[in-house]
Structure formats: structure tokens, C-alpha cells
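J.: Residues per chain, in single letters:
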Amino acid sequence: MKGSATSYTWPVTASVLLHGALLAFIVVGWTPAEKPRKVVAPKYIEAKLLQMAPVAAQPEAPPAQPPPQPKAEEPKVDTAAEERRKQQEQQRQEQERQEAVKKEQARQEQLRREQETKAKAAAEQKRKEEQARAEAERQKKEAQAKAEAERKRQEELKRQQELKRQEEIKRQQAEKQRQEQLRREQELARALAAADAELGAEQVGSYIGYIQDRIGANWSRPPSARLGMVTELEITLDGQARVLSVAVVKSSGNAAFDLSAEQAVRRAGQFERLRELIQQDRAAYEQNFRRFRLKFNPQDLRL
Amino acid sequence: MVKYRLLLALTLLVGFALSARAELTIEITQGIDDPTVIAVSPIEAGSAVLPEDISEIVSADLRRSGLFTTIDRGNMLSFPRESSEVYYRDWRVLGAQYLVYGKGERQPDGRLKVTFSLVEVLGEKIVLAQVVHGNDGNLRDIAHYISDKVYEAITGIRGAFSTRIAYVTATAGSGNRLTYRLMVADADGARERMMLESREPLMSPSWSPDGKELVYVSFETGRPAIFRQRLGDASREQLTNFKGLNGAPAWSPDGRKLALVLSKDGNPEIYTLDLASRQFTRITNHFAIDTEPNWTPDGKALVFTSDRGGAPQIYKLTLASGQMERLTFRGSYNARPRLAPDGRTMVMVHRDGGAFHIASQDLISGDFRILTSTQLDESPTVAPNGAMLLYATKRGTKNLLAAVSIDAGVRFLLPAREGDVREPAWSPFLQ
Chain G
1 MKGSATSYTW
11 PVTASVLLHG
21 ALLAFIVVGW
31 TPAEKPRKVV
41 APKYIEAKLL
51 QMAPVAAQPE
61 APPAQPPPQP
71 KAEEPKVDTA
81 AEERRKQQEQ
91 QRQEQERQEA
101 VKKEQARQEQ
111 LRREQETKAK
121 AAAEQKRKEE
131 QARAEAERQK
141 KEAQAKAEAE
151 RKRQEELKRQ
161 QELKRQEEIK
171 RQQAEKQRQE
181 QLRREQELAR
191 ALAAADAELG
201 AEQVGSYIGY
211 IQDRIGANWS
221 RPPSARLGMV
231 TELEITLDGQ
241 ARVLSVAVVK
251 SSGNAAFDLS
261 AEQAVRRAGQ
271 FERLRELIQQ
281 DRAAYEQNFR
291 RFRLKFNPQD
301 LRL
Chain Y
1001 MVKYRLLLAL
1011 TLLVGFALSA
1021 RAELTIEITQ
1031 GIDDPTVIAV
1041 SPIEAGSAVL
1051 PEDISEIVSA
1061 DLRRSGLFTT
1071 IDRGNMLSFP
1081 RESSEVYYRD
1091 WRVLGAQYLV
1101 YGKGERQPDG
1111 RLKVTFSLVE
1121 VLGEKIVLAQ
1131 VVHGNDGNLR
1141 DIAHYISDKV
1151 YEAITGIRGA
1161 FSTRIAYVTA
1171 TAGSGNRLTY
1181 RLMVADADGA
1191 RERMMLESRE
1201 PLMSPSWSPD
1211 GKELVYVSFE
1221 TGRPAIFRQR
1231 LGDASREQLT
1241 NFKGLNGAPA
1251 WSPDGRKLAL
1261 VLSKDGNPEI
1271 YTLDLASRQF
1281 TRITNHFAID
1291 TEPNWTPDGK
1301 ALVFTSDRGG
1311 APQIYKLTLA
1321 SGQMERLTFR
1331 GSYNARPRLA
1341 PDGRTMVMVH
1351 RDGGAFHIAS
1361 QDLISGDFRI
1371 LTSTQLDESP
1381 TVAPNGAMLL
1391 YATKRGTKNL
1401 LAAVSIDAGV
1411 RFLLPAREGD
1421 VREPAWSPFL
1431 Q
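Chains as they are written, first to last, in my numbering: chain G, 1 to 303; chain Y, 1001 to 1431.
Read the hints as simulated data drawn from the structure, not as lab findings. Heads up, a few of these hints could be off.
Unchecked claim - Once the Cα atoms are required to be at most 25 Å apart in a straight line, the calculated BS3-like pairs of lysine-lysine come out as:
no. : chain 1 : residue 1 : chain 2 : residue 2
1   : Y       : Lys-1125  : G       : Lys-250
2   : G       : Lys-164   : G       : Lys-152
3   : G       : Lys-250   : G       : Lys-295
4   : G       : Lys-128   : G       : Lys-118
5   : Y       : Lys-1300  : Y       : Lys-1316
6   : G       : Lys-295   : Y       : Lys-1264
What the hints assert, rightly or not - Beyond 12 Å from chain Y on every Cβ pair, some chain G residues (computed):
no. : residue
7   : Trp-10
8   : Ile-26
9   : Arg-97
10  : Ala-106
11  : Glu-124
12  : Gln-144
13  : Glu-148
14  : Arg-282
15  : Asn-297
16  : Arg-302
17  : Leu-303
Where is the CB? At the ideal position from N, CA and C, for every residue including glycine.
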């Protein structure tokens, strides 16, 4: 890269110098013979009469008088001397006129020659310029070709590198995707497990409601039952959700009330719906319902 | 022994999943209070037929309480007499929650030894097993005793089947004149016994706290007078003989006094009579009518009817302090208060529009309920266990007795008797 940079230097410099010289030559050594004529466009002014009334009040300006014509002094006396002098004068005037013509012709000739020289110089200048330009063009083209080649090489290199980079990115992305996939799968598994657990808890909750309903529907309280009486029973179920045993673990102090609670459980007998749970989630059943407590705490009594 | 256990009510469900090791506790807060289904297997003495069908009496007692439905003997698959003969499956099939079985054994002296058991069918558990002695003459007492024990075991309330009721009947006698009779019967209406017969009206029987005597008002002397009479030998004694009204006697819980109404001083006022000293003490002094006194269970106060407020309402008078308190405010007619044994539930005659009903009022919570749907109801009297009350009512032109559970859950009419039946009085618990 660096070598190619230096290789640019001298053609560029030469080109700049050549151009500079050319410019200087044009500015200093050559001026145009005729100044460009300036065309003055006539100006038309449109005017409008805006007021009439005040004009009457003012004295009318006197019409512009033509400027006084200078009068050529004409000889008043027609004499012979005068005639001669007149003739002499005429001859002299004729001579002067011829001389002026000659002079004018010489000046014209001079001017023509000058112009010819100038044209020649200009042609030479132009040719040189042309040459320099062609040279510069050539050099420029060469440089451009070179640069183009370099650019192409660079581009190819870049393309290769880009390709590599893309591949790397792709690889990385794939890896990332794989990781992501893995993570998602794990997450999903976790979520599923959580959902399972939640479902389990929900299910257990619904079964609790079911048990409450079942036992409540079978609980016939004795008339001695009063608000505030609480009996706690421990229930054992078998593998098919049948009541295996009922034991009073905390008495209400009213034997009939305790008995009514026991009766309620025994009348419920089997918790049919728990068998669903047994089929679906044996562990949840074993953990929660194989043995549990029932707290009989009436809230719907009058006294 | 006290292990940590998480009591998990439904409200605590949130923590459920986490409490893996804690034992689940489910709270039951509502029930249905249906009648208990019970079967009473026939109780017999060997092959001999007893003069009374004990198990049928027990069944009837339990049914009448309103808390039980009984299984017909005809539906029973077996008649067990002892535990070895009980096939629980059979009773479960019948839907029986409880089973009573037992047997009578004739003793060498002719007496009867009755063994009975109450078992819980579903739990196959013996709840109660007892022996009771009797003879052919008191088989009904044995039956009521069994009823009481079974009732108490299942309901938690002392049974009142062995108690009695007193009442007055009026039947058309010769010459179309009414004959009044003071009667005493078992609580189920059986074994009716006449205490007194009179051509003049008999009113307001009231039991002594020991259940051995009655006081009542009799017009036999030509004007109302209060008598006391022993049940055992029917001996009687006149307690008052004042001019004007002598009425509404009520025996004090300690048995020493009567509260009564006398109008000897001009208008009806409440007095107490010390039975030992025969001293009358005037309790109320008001130009309005004060009548129908009833003792609070602790004997420290009287509740009575007074129209001192312009209409009959119930007041309470604390005897020691003389403090007076009006108890009823609902409606324009509340009269004849009777307190249940808990001293908290008061029953009364309440006029609701044009009809007279029996109503109850909780003296603590103020809860007021009309208990009866019959009309022209009067004279409520509460069973000594506070579970039921009897009252007199009219059907057509006939006066008869009806019963209602104190929570208004059960209502039934007692078997109609000949003639009019009025003024029931439920006895206390009897020995």
C-alpha cells in the first residue's frame, strides 16, 4: 500500500506543476485584444400620472428651450487673399488627411502582425497544454488503473475477510441459537414443572373444597352444638380414598358434637373424586390425603 | 406429644404447596342438621312377649323429638340382641347411622334386667352400653330411660322422655255441663292419670321443683283459690282464699315459695307466698295489671306480664333490688312468659296481627322468633331440657296440645284426646 502511495507522488506533482505553469502563462502573458463589449439594454421607465388637481395651482413650468446652437464664425468678407488662404488651408487639410490615413494603415498593419504572433503563441500554448493534458490523462489513467487494481485487490481481500467474518458470525449465531434453544428448552421444562406443581396445588385445593363439601353435606349437628365448638379429627384413607380410620385428636368437650363430626366422615365413606388424583398424581395424594386432619368449626349455627 | 402441625384452613391454601411435610387440615364450617337415622331392634325377654313394646316406645320417643327418623321394624334384616348378632353391613344398607339393640332377662325374683347398647353403624363403634332393672309394671319407664340415654349420647342434650306433663281437660258431662279434670301423663301422653275432677273450672297447674306436687287454681269454692296437691297420695291443701283473683301460681326453683297473683288490694298484683311461714309478700305495686309470674332459673328474679306500658308486655323484676326492666318491645301484645332452663331463652304468647303465636326471645342476643304457625296459641311450657315446648292451641273448635322444638325445627300436635285440653305444664326432671 505504502509503495503505491509513493508511486503516485511524482505524476501528481508534475501534473500540478504543469497546470500551475499553464495558468501563470495564461494570466500573465496573454491578454485578450478586445475587451468584451458591454451591451447596455435600454431602460424603459413607465410612469403614471397620479395627480391632476395640484397642477392647476402651480404655475406651469415654461417649455424647455433648446440649448443655444453655437454659431460657426463665417467669413464675412470674400476677398482673393482670403481665397488663397482658403485654398492653402484646403491643401494642408488634404495632406493632413492623407498622412492620417497612412498612419492608420501602418497602425492597422502593425496590429495585424501583432495579432498573428499572438495567435501563433496561443496555438503553441494550446498544443503544449493539450500535450500536458494528454500526458496527465495518461498518467491519471495509469494511476487510476493501478488504483482500481489495488482497490479490486483490496476489495477482494475485504470480501474474503467479510466472508470469513460472516461465517464466523454465522457460526457464532448458530452457537448462540443453540444455546438459546437449550436455555428455552430448560426454561420450558422448568415452567412445565412449575405449572405441574401449580396445577398440583390447584388440584389439591379443589380436592380440599370437594372434601369440605362432601363432609359438610354429611354433617348433621346435634342440637347441643354451639358456635365456638371445635372438634379436630385425624382421618386416614386407604389407597382408594376410602375412610380407613377416624380419630378425635381434639375434642370439643361435647361428646355428641364430636360424634357428629365422626359420623360426618364415616357417612362420606369414600371420596370418589380423590381417585382421579390417585390416578393422575399418586404422590400428591399420598402426601396430602392419605392422612389429614379435619377441623369441625361450625359457623352457620344460630347460637 | 405436641408436634408442630400447620393447621391449614382453606384460607391458608396459598402456603399449601410449600408445606410438604405438614399434615393437611381441612376445616368444616357448615352442616345440614338432618334428622339422625336410627334403628331400634326389638328388645324382648327370651321368647316371652313383654306387655309393652320397649323398642317401639323408644322409637316413638326419638321420632317425636324431631331429631331422629327411625327405621321400621318391617325393613330390618335381623333383630340383633347382642353385639355378636350385629351385621353392620345390613344396617349400612338400610342407611342407619345408629342402632339400638338389647335384651331382657327375667331374674329369679321376677324382675327384669334389660341390657341395651347404642352402636354407631358406620364406625362399628359401641357408643353406649347399659343395664337397667325394672319389672313388667314399669316397662315404659325403662323404655323412656333408654330413650333418654340414647338421645343424650347423640344430641348432647339430656333426654326429657321420662318427664311428665300436667294439663286440664274439659269434657261435656251430664246435663251438658263441662267437667274439668286435672290430669298428669307421661311426656308422650301415655299413662294418663286423673288428679282431680271438678264441675268448676281448674286452671294454671304448676309443678313443684321436685316433681312431686302440683299447685293449681280451682273454682270449686265458688271463687278462685290456689291449691297444692301431692301426686303420690293425691292429698291437697288450699293455700289462698282471698277475695277477687287468686291465680297464676308458680313454684320457685328452690321449692320454698310460690309467686302468685292476688287482687285483694284492688287490682291484680304479684305476691310471693313463703310456703313454710305462709307469709305473703307484695312484689308489685302498680295500678296496671301485673300477672303471670315466672321465676328465673336462679330464683333471683321474676318475669311477668304487665300492661303498665299501655299494652301487655313482659317485665323482669329483680327481687333483691326491686329493679324493674322491660324485656319485650316487639308487637303490642307479649304475655305469659316462661323461661327455658338456660335462663336465656324466654317463650311467650305473642300477638302477630290478629293471630296469637308462641314466640321465643333470646334475652342476651335479642333474637326473636315466632315458633308456631297455628293460631290462638296459649300457655307455652318448656321441657326441662329446654329442647321442646308444649302449648295449647285450637283446631276448629277444639282445644288441643301441640309441641314445637325450641328452635322451631319440629312441630307436631299431640294425639288428640277426648274433649278440650288446655294449660299444659311440663314437669321438671324426675328422679
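J.: Tell me, in ascending order, the numbers of any earlier hints that this structure violates.
T.: 6, 15, 16, 17
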